[in-house]
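Using the sequences provided together with the hints, build the complete structure.
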Amino acid sequence: MKKVNYVRATINQSTDAFPLDGCINPVFQNLGDAAVIIDGITYEKEESFPIHTNGLAIDKGNNVSITFLSETGKNLHFRCLRVSENSCNQ
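With our numbering, you'll find the sequence shown wraps up at 90, consecutive numbering, no jumps.
Worth flagging that the hints you see were computed from the coordinates, not collected in a lab.
Even glycine gets a Cβ: it sits at the ideal position worked out from N, Cα and C.
Check each hint, because a few of them may be wrong.
Estimated spans, in silico, between C-beta atoms of each pair [claimed, not checked]: (1) A35 <-> K60: 23 to 31 Å; (2) N5 <-> N62: 12 to 20 Å; (3) D33 <-> K2: 36 to 44 Å.
Dropping the structure here:
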């Protein structure tokens with residue numbers, strides 16, 4: 001039986017390839033004071049970047065770049081759903 005897991009993380013470092021493998025409807029929300037560039041678009045404090053997948057999981061190899069424009073105030077919140085192939089204990 002498949003199960004759905006709620007995944008969340010705080011990102012505070014720039015990266016060239018943040019993985020989206022298996023994510024369903026991922027959302028990035030900038031909660032810090034530093035502006036951040038996600039996949040080429042700048043997001044200011046309190047702005048968000050939702051990726052609507054219509055309930056489908058993103059395939060392997062799909063990544064986004066994340067670049068903070070300041071070394072202080074970095075606080076990017078990430079959340080998504082992921083389907084697990086693990087069986088449920090009943």
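Going through the hints against the structure:
Between A35 and K60 the beta carbons are some 30 Å apart, a value that agrees with the proposed interval 23 to 31 Å. Checked against the hint of 12 to 20 Å, the pair N5 and N62 passes, with Cβ atoms roughly 18 Å apart. A hinted range of 36 to 44 Å for the beta carbons of D33 and K2 is consistent with their spacing of about 39 Å.
Every hint from the earlier list agrees with this structure, and none is contradicted.
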